[in-house]
Each structure stands twice: as C-alpha cells, then as structure tokens.
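*Asks:* Given next are the chains, with one letter for each unit.
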Amino acid sequence: MIEIEALTKDYLELTVVDHVGLTVADGEIAVIVGTSGSGKTTLLRMINRLIEPTSGTVKIDGQDTRDVPAFELRRRIGYAIQGHGLFPHRTVGQNIATVPTLLGWDKGKIAARVDELLELFQLPAAEFRDRMPSELSGGQQQRVGVARALAAEPKLLLMDEPFGALDPIIRAKAQSDLLAIQKRFGTTIVLVTHDMEEAIHLGSRIAVMDKGKLLQYAPPDEIIARPATPFVAELIGTGERPFRLLSLGKVRDLVESGPAQGEPISADASLRDAYAECLWTGREMLPVVDADGASIGRIRRDDIAHKAERPQ
Amino acid sequence: MKPGLIIRLVVLALLVAFIVTPESFAWVFQPLTKNGQPAIYVQNSLLNLTVSHLTIVAIATIASTLLAVGLAILVTRPFGAEFLPLSRSLANIGQTFPPVAVLALAVPVLGFGTAPTLVALFLYGLLPIFENALTGLTTLPPAVTEAARGVGMTDRQRLLGVELPLATPVILAGIRLSVVISVATATIGSTVAASTLGEVIIAGLLSNNLAFIAQGGLVVGVMAVLIYDALSALERALMARTGQRRQHA
Numbered sequence: 000m001i002e003i004e005a006l007t008k009d010y011l012e013l014t015v016v017d018h019v020g021l022t023v024a025d026g027e028i029a030v031i032v033g034t035s036g037s038g039k040t041t042l043l044r045m046i047n048r049l050i051e052p053t054s055g056t057v058k059i060d061g062q063d064t065r066d067v068p069a070f071e072l073r074r075r076i077g078y079a080i081q082g083h084g085l086f087p088h089r090t091v092g093q094n095i096a097t098v099p100t101l102l103g104w105d106k107g108k109i110a111a112r113v114d115e116l117l118e119l120f121q122l123p124a125a126e127f128r129d130r131m132p133s134e135l136s137g138g139q140q141q142r143v144g145v146a147r148a149l150a151a152e153p154k155l156l157l158m159d160e161p162f163g164a165l166d167p168i169i170r171a172k173a174q175s176d177l178l179a180i181q182k183r184f185g186t187t188i189v190l191v192t193h194d195m196e197e198a199i200h201l202g203s204r205i206a207v208m209d210k211g212k213l214l215q216y217a218p219p220d221e222i223i224a225r226p227a228t229p230f231v232a233e234l235i236g237t238g239e240r241p242f243r244l245l246s247l248g249k250v251r252d253l254v255e256s257g258p259a260q261g262e263p264i265s266a267d268a269s270l271r272d273a274y275a276e277c278l279w280t281g282r283e284m285l286p287v288v289d290a291d292g293a294s295i296g297r298i299r300r301d302d303i304a305h306k307a308e309r310p311q
Numbered sequence: 000m001k002p003g004l005i006i007r008l009v010v011l012a013l014l015v016a017f018i019v020t021p022e023s024f025a026w027v028f029q030p031l032t033k034n035g036q037p038a039i040y041v042q043n044s045l046l047n048l049t050v051s052h053l054t055i056v057a058i059a060t061i062a063s064t065l066l067a068v069g070l071a072i073l074v075t076r077p078f079g080a081e082f083l084p085l086s087r088s089l090a091n092i093g094q095t096f097p098p099v100a101v102l103a104l105a106v107p108v109l110g111f112g113t114a115p116t117l118v119a120l121f122l123y124g125l126l127p128i129f130e131n132a133l134t135g136l137t138t139l140p141p142a143v144t145e146a147a148r149g150v151g152m153t154d155r156q157r158l159l160g161v162e163l164p165l166a167t168p169v170i171l172a173g174i175r176l177s178v179v180i181s182v183a184t185a186t187i188g189s190t191v192a193a194s195t196l197g198e199v200i201i202a203g204l205l206s207n208n209l210a211f212i213a214q215g216g217l218v219v220g221v222m223a224v225l226i227y228d229a230l231s232a233l234e235r236a237l238m239a240r241t242g243q244r245r246q247h248a
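Protein sequence lines correspond, in order, to chains A and B.
Note that numbering that gives the first Met the number 0 numbers the first sequence so that position 52 is 51, with each residue one more than the last.
Note that numbering that gives the first Met the number 0 numbers the second sequence so that position 82 is 81, with each residue one more than the last.
Treat the hints with care, since some could be wrong.
As the list claims (entries may be wrong) - Computed from the model, here is a short list of chain B residues facing chain A with C-beta under 8 Å:
id	residue
1	146
2	149
3	151
4	153
5	161
6	164
7	165
Note that these hints are calculated values from the structure, not bench results.
Quick caveat, the model's predicted, so the values are computed rather than measured.
Every residue gets a Cβ at the ideal spot worked out from N, C-alpha and C, and that includes glycine.
Make the full structure from the sequences, and use the hints.
*Replies:* Right, here's the structure in full:
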C-alpha cells in the first residue's frame with residue numbers, strides 16, 4: 000500500500016507538484032494521466048526518490064520512504080521507463096540480473112530467476128540470455144526492461160510511459176502481457192501515461208493531473224461518467240465517452256440465452272468490440288462463445304447501446 | 000584477411016626488421032648520402048633508442064590519462080561541477096605551451112635528460128584525453144543513466160559499472176590522439192639529451208646527412224601510424240562489444 004500525503008515539489012518559483020495526496024491499495028494498478036508538464040512524471044519519481052520532495056510524505060506499507068537510504072529503497076521498487084534504459088554493454092541476462100546482483104542473491108538463484116522471467120515474457124532463455132540489447136527489436140527490449148524491473152520480486156512497480164516508444168500493435172500486446180503478469184504476481188503498479196485510452200484499459204484507478212494538481216482520482220467508469228472538471232472531460236474526449244465506457248465492459252456481462260446468426264464473438268471481448276462488430280456486419284445480435292469455442296448464448300446490439308448511456 | 004591488415008602486418012615486419020638489423024637496409028639509404036657519409040646511424044643502437052622513445056611516450060601517456068580521466072570524473076560529479084571551468088582552462092594551458100618552450104623552461108629546474116621531455120609530453124597529452132573523457136561521461140544516453148539510478152545503484156556502482164565502461168571508447172579516442180602527438184613530439188626531447196629517436200634526426204641535421212634524417216623520421220612516422228591504427232581497431236571492438244554501434248551484417 001502506498002500512501003502519498005500533501006506531496007509537493009518546487010523548483011525555485013515553480014510548483015511542479017502541488018499538495019498531491021492519493022492512496023494505492025495492494026494489487027491495484029494506479030494510472031497517472033496528464034498532459035506534458037502536468038507533473039505526473041515528477042510525482043512518480045518522488046515515490047522512489049529519484050526526485051526528493053520539497054514537502055509531504057510518501058509511505059510504503061506504513062514506512063516513510065525517507066527512513067531508508069535512497070538506493071536501498073529503489074532496489075525494493077521495480078522501475079521501468081520509456082526507451083527501456085537497458086545497459087548496452089551488458090547481456091540481456093546480466094541486465095535482468097541487475098537488482099538481484101545488487102542485493103547479493105546467490106548465482107544459482109539469480110540464473111533461475113533470469114530464465115523464469117525470460118520465459119514469462121516469451122523470450123526463450125537459451126536464445127536470448129546471452130544476447131546484447133542492441134540485437135533485440137524494440138518490443139523485445141521493452142519486455143527485457145520490464146523483466147529487469149520485476150527481477151527482485153518487488154511488491155511495487157513504477158512505470159514511466161513504458162509503452163510510449165512502441166508501435167500500436169506491439170503496445171496492445173505489451174499491455175495485455177502486463178495485465179497478465181500483474182494478475183500472476185499481484186504486484187502493485189503505478190504507471191504514468193499521457194494516453195487516456197491506455198489509462199482506461201490498464202487502470203483500476205486513474206489519477207488525472209494538470210499543472211501540478213491532482214484533479215480527480217477514481218475508478219475508470221467514474222472518471223468517464225462523472226469527470227470532476229471540464230479538463231478531465233476534455234482529456235477523456237466528449238465524443239469518445241460512450242465508447243470508452245463500453246471498452247470497460249465484457250461481452251460476458253450482457254449474455255442472454257437464445258440463438259443468433261453469423262460469426263460468433265468471444266465472451267471475453269470488450270463490449271466496444273462487440274458493438275463495432277454489430278455495426279460493421281449490420282447484425283442486431285451476435286452469438287457468443289466462451290474461451291473453448293462452445294456457444295453460451297447471444298448478445299443484443301440494443302443492450303450494448305443501452306450500456307453506453309451515461310450512468311445515473 | 001583484409002588487404003589493409005596484410006599491408007599493416009608487412010609494414011610492421013619491415014619496421015621491426017629495420018630496427019633490429021639496420022645495417023641490412025644500408026642499400027636503401029645509400030643514395031641519400033654524399034661524399035662517402037655512413038648510410039646507417041650506428042653511434043647508438045636503433046633498438047635501444049626505439050625502446051626508450053616508446054617508454055617515455057608510454058609513461059607520459061599513462062600519467063596524463065590518470066590525471067585527465069581522474070579530473071574528468073571529479074568535475075562530472077555533483078560536488079565537483081564548480082571545478083569544471085578551472086580544470087578546462089588548466090588543460091588548455093597545457094596545450095597552448097609549445098613543447099619546445101616547456102623543454103626550455105623545464106631544463107633549468109629538472110636538468111638535461113629524460114625528465115623535461117616527460118613533463119612536456121605529459122602536459123601536452125592532458126587536453127585531448129580530458130576533453131574526450133568529459134564528452135564520454137556527459138553524453139551517456141539519459142535513459143541508461145536514469146535506469147542506473149532507478150535500479151538502486153550507488154554513485155560508485157554507477158561510475159564503475161555503467162558510466163566508465165560506456166565512456167571507454169570515447170576516452171580511448173582521446174588517448175589515441177595524445178599518443179600519436181607524443182610519439183612525434185618525443186623526438187625534440189633529444190635536443191635536451193633525452194634518449195629518443197630524435198637523436199638520429201638531430202645527428203643527420205648536424206652532419207648534413209639526409210640518410211640519418213630519413214631513417215629517424217621514417218621510424219617515428221611509421222610507428223605513429225601503426226599505433227593509431229591499432230588503437231582505432233581497439234576502439235571499434237569496444238564500441239561493438241558495448242553495443243553502442245550496430246555491427247555490420
């Protein structure tokens with residue numbers, strides 16, 4: 000659990016982060032969204048003290064972060080950044096082993112952990128362990144960067160626009176990988192992005208920042224339905240609101256029994272995808288199948304449309 | 000094997016052969032002599048002069064590397080940043096003194112011999128190494144230095160484990176410049192009685208013997224070129240190893 004209280008950072012006259020307070024519960028993904036210059040990255044970097052706060056406190060599991068030396072604090076917190084920041088003179092395996100090595104784990108344990116993480120990120124260990132970062136594609140480098148951040152099994156992972164440099168297809172894959180890994184390890188994640196789409200997709204709570212102030216901190220559906228200020232509404236995009244709301248729901252939630260014609264849709268697809276499919280193929284309803292491909296009913300276009308209305 | 004490498008190996012073999020048995024090359028330099036002058040310098044062993052020449056260069060370069068890299072590390076740390084302008088001008092002053100002037104000024108203090116030459120080469124070698132070390136240490140990829148802090152490396156671990164290894168190729172380029180300048184400049188050390196290949200050239204100038212001047216000059220020149228090439232190759236290998244430049248497919 001992270002408790003941030005009245006956290007402030009001043010640079011001379013300029014207040015970059017202004018009395019921000021928020022709490023992230025264990026296992027949550029908190030996404031900080033804002034335009035550039037909103038102070039979101041500064042806020043993130045104050046959590047692991049890459050930037051020292053001017054005032055205010057950060058507590059991790061009840062312990063004030065100023066009570067431990069900065070480098071020890073950082074070894075306990077995973078940190079992944081845009082452009083991955085892999086050490087170009089070290090192999091993939093050595094990069095992933097960075098924090099365990101700093102912590103003095105024994106060699107066998109480190110080697111086992113490196114191989115485990117590589118396999119987890121679909122990079123066969125035998126093939127990738129001894130390669131240099133410059134020999135990998137952008138998507139592979141990014142995965143190694145996240146693997147390095149997770150190597151010492153941190154309970155908390157900080158990510159600064161981790162997918163910003165990836166093309167859209169690889170980014171979608173990286174996002175779903177992250178969700179899967181988060182579910183598996185139960186890691187608490189604080190992620191910074193300027194992309195509201197990404198925030199809604201990944202976040203269990205979203206913090207919207209502007210000019211150093213925290214405007215709203217709420218679950219995605221509430222941010223969409225009840226934006227606290229016009230700026231938050233603008234960031235969501237008023238024309239996008241119903242579709243963003245649909246992207247939060249799953250087809251499974253609206254399944255009813257009965258037959259339907261044509262190509263089926265997966266129960267785990269988002270309502271947004273289902274609605275798009277209805278519109279594109281001109282169908283009133285779609286058959287729904289579960290992960291095994293067995294039919295479990297149908298979903299109606301009108302029900303989906305109803306779900307896109309502003310919640311009361 | 001690449002043709003360039005073969006040529007260099009042949010040149011190196013010729014150089015070594017000439018230094019070890021200069022007399023066997025007398026026929027090459029005979030046409031440059033007049034009035035029955037000797038074609039080959041025999042007053043002092045060419046091998047001894049070469050070894051002494053290279054030793055002086057090596058000692059001076061190692062000393063200037065240690066000081067220049069040390070200074071560069073110091074002024075790129077947060078606590079040393081205010082010394083950056085001062086150290087820059089010190090290294091600049093070293094470079095603006097002509098080596099001959101350094102020799103002339105150092106002789107009254109240090110006496111004739113090797114010492115004033117070492118001082119001149121040392122001062123002269125500082126600037127290229129210092130400038131390159133500064134460049135190397137201040138132009139590291141920001142994402143990499145950020146990551147090094149973010150994973151919890153201490154200042155010392157960052158310097159030794161990330162910053163210096165990544166800056167090494169650039170620092171090496173500075174050392175290469177410095178060595179080549181020193182190999183050439185060491186010859187004038189012989190004017191103050193340092194034992195270098197300059198002795199052969201000066202003997203040729205004093206006795207008006209073109210053959211001496213040519214063999215002294217050639218040995219120095221060929222050595223400079225070969226050392227330059229060898230260090231360039233080492234740099235390229237380091238760059239490739241640290242993944243800073245993609246290898247050609």
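*Asks:* If a hint holds in the structure, say so; if it doesn't, say that too.
*Replies:* Tested hints:
Against a cut-off of 8 Å between C-beta atoms, the interface hint on residue 146 of chain B holds, since the closest Cβ of chain A lies about 3 Å away. With 8 Å as the threshold, the beta carbon of residue 149 of chain B comes within range of chain A, its nearest partner Cβ sitting at about 4 Å, so the hint holds. Using the Cβ-Cβ criterion of 8 Å, the hint placing residue 151 of chain B at the interface with chain A is satisfied: the shortest such distance is roughly 4 Å. Satisfaction of the interface hint for residue 153 of chain B is found here, the shortest Cβ-Cβ separation to chain A being roughly 5 Å, below the 8 Å cut-off.
The interface hint given for residue 161 of chain B holds, since its Cβ lies 6 Å from the closest Cβ of chain A, which is under the 8 Å cut-off. Taken as an interface hint, residue 164 of chain B checks out: its beta carbon lies about 5 Å from the nearest beta carbon of chain A, inside 8 Å. Hint status for residue 165 of chain B relative to chain A: holds, with the closest Cβ pair at about 6 Å, below 8 Å.
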